[in-house]
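FYI, in this note's numbering the residues of the sequence shown are 1 to 143.
Wrong hints could be hidden among the right ones.
Said to hold, decoys possible - Calculated lysine-lysine pairs in the DSSO-like style (CA-CA distance at most 30 Å, straight line): (1) Lys117 x Lys75; (2) Lys17 x Lys40; (3) Lys23 x Lys41; (4) Lys40 x Lys23; (5) Lys135 x Lys117; (6) Lys17 x Lys41.
To be verified - Label pairs and their computed distance ranges (CB to CB): (7) Thr22 x His112: 43 to 49 Å; (8) Asp55 x Thr13: 29 to 35 Å; (9) Thr22 x Pro59: 20 to 26 Å; (10) Gln109 x Ala29: 27 to 33 Å; (11) Thr52 x Ile95: 15 to 21 Å.
No wet-lab data here; the hints were simulated from the structure. Don't be surprised by glycine CBs; every beta carbon is placed ideally from N, CA and C.
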Amino acid sequence: HHGPCAPCPRTATVPCKCGAETKELACGASSYACERVCGKKQRCGNHTCPLTCHDGACPPCDTDPSVVFTCPCGKGPLINRRRSCLDEIPPCDQICGRVLDCGRHECLQMCHEGPCKPCTLREPRHCQCGSTQRKLTCADAQN
């Protein structure tokens, strides 16, 4: 016959990209993403993949020695080679300097692993009418 063929009316059971579930899809559909967190063990064997349903291999964990080359604040190179993602990421002797959740101030702690503490800097704030002023921390001002 002339022209393109009509779509195949049959369906097939097709697995999602991560293999967690299946769906009946039109014949020829290769795969779909199920929107679940992948959750497969990462290469390190200690952590699970945080990505949503995806093709291919899972990425290395965030603390894998193959992807971490600096101290936690990012200002200093790692001198000693880490062997495992569970090994400490040694801090340097500088101030962290990451922007805090308030978005206006930087972390004043020494270089550290994990999230920075909430901003405790106090700034003058005026009430809506402007007649009263109080010093509030950024965290209190955002609430």
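To see whether the hints hold, each was checked on the structure:
1. Lys117 x Lys75: This hinted pair holds, its Cα atoms lying about 19 Å apart.
2. Lys17 x Lys40: holds, 12 Å
3. Lys23 x Lys41: This hinted pair holds, its Cα atoms lying about 24 Å apart.
4. Lys40 x Lys23: Cα-Cα ~20 Å, so holds.
5. Lys135 x Lys117: Measuring from Cα to Cα gives roughly 19 Å; hence the hint holds.
6. Lys17 x Lys41: Holds, at roughly 15 Å.
7. Thr22 x His112: 43 to 49 Å: Check passed, 45 Å falls within 43 to 49 Å.
8. Asp55 x Thr13: 29 to 35 Å: Since Asp55 and Thr13 have Cβ atoms about 18 Å apart, the given range 29 to 35 Å is violated.
9. Thr22 x Pro59: 20 to 26 Å: Holds, at about 25 Å.
10. Gln109 x Ala29: 27 to 33 Å: Distance hint for Gln109, Ala29 is violated at roughly 51 Å.
11. Thr52 x Ile95: 15 to 21 Å: violated, 36 Å
Hint compliance for this structure: hints 8, 10 and 11 are not met, and every other hint is.
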